[in-house]
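A.B. asks: Here the sequence shown is numbered in our numbering, starting from 18 and rising by one per residue.
These aren't lab readings, by the way, just hints derived from the structure by calculation.
The model shown is predicted, which means the values in this text are computed figures rather than measured ones.
Don't take every hint at face value.
In silico lysine to aspartate or glutamate, DMTMM-like type, Cα no more than 25 Å apart, as pairs [to be verified]:
#	residue 1	residue 2
1	K147	E137
2	K265	D290
3	K266	D208
4	K147	D208
5	K147	E72
6	K265	E298
7	K147	D157
8	K266	D294
9	K265	E186
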Amino acid sequence: MFKVLGFTLLFWCTTLAAAATTVREVIPLYPGAAPGSESWNHDEQAYFSEIFNTEVVTNVSQPSLTAFLPEAGNGAAVIIAPGGGFHALSINSEGNDVARWLNEHGVAAFVLRYRLVPTEGEAVAEMMRKPQQQTRADMDSVVPLAGADGLAALRLVRSRADEFGIDPERLGFMGFSAGGAVAIVTATQYDASSRPAFVAPIYAGGNDMGSLIVPADAPPLFIAAATDDQLGLATTSIVLYNKWLDAKKPVELHMYASGGHGFGMRRQDLPSDSWIDRFGEWLTAAGFTSGSD
18 MFKVLGFTLL FWCTTLAAAA TTVREVIPLY PGAAPGSESW NHDEQAYFSE
68 IFNTEVVTNV SQPSLTAFLP EAGNGAAVII APGGGFHALS INSEGNDVAR
118 WLNEHGVAAF VLRYRLVPTE GEAVAEMMRK PQQQTRADMD SVVPLAGADG
168 LAALRLVRSR ADEFGIDPER LGFMGFSAGG AVAIVTATQY DASSRPAFVA
218 PIYAGGNDMG SLIVPADAPP LFIAAATDDQ LGLATTSIVL YNKWLDAKKP
268 VELHMYASGG HGFGMRRQDL PSDSWIDRFG EWLTAAGFTS GSD
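Model the full assembly from the supplied sequences, consistent with the hints where possible.
C.D. replies: Next up, the structure:
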């Protein structure tokens, strides 16, 4: 009896979660070729990466957004940039799964596929095989393009706010790892049309943090990472936090003792599993989800 009841509850929870989200068609970020990479013609790929142990998207040359719209939205919206070393996108744990959680809490979500380093074959394996200096050079070459995609995504979603049923003044940006580096670009290099209402860099990448300048009207930040980050990126989050703190701008930092790099929406039975709940609480406390249940 209890097994039947458990199955029934699981079925209804799954059905309700699916019903709470409307997934739109993929929305091209630019009307034509992406500025700065007009000659790129490699085909985007999606497959399961044995190295990352998750689904990935690679070879993005035509950036796009996939909109996840809640049936009963509260006006808030988040653009999500998955990570993957600028060679791939961890599209589920750091993208689609985050979007679905946000939808369940009345927040519209847009998963961004930004431009990546062109690769042949298995992108993650290729990234691992290359000499570290070459990998870094390849990543550095695409960061300006990916950052431009993040800002373009903010402009596009804001320009269609009425269509998406969102408040353009409650549109934020979230990014993981390499996507976190894109998030930092949106938090520091925006103009009036692309300024995010808030930014959430999650175990963000970024080497040259010392020279980062906090804008006078910088948006609030929500930062999360793990002390035991295998890539040594915990300090990036701490430096970013201190930059915002010194500039007297709103900022919240959650530094978990363990969780490693790339925890995203994965369940590890660790306190870091609850980072998304803390983010939801922060959105509400800051007034971005006012009017939600």
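A.B. asks: If any of the earlier hints don't hold here, list their numbers in rising order.
C.D. replies: The structure breaks hints 2, 4; every other hint is satisfied.
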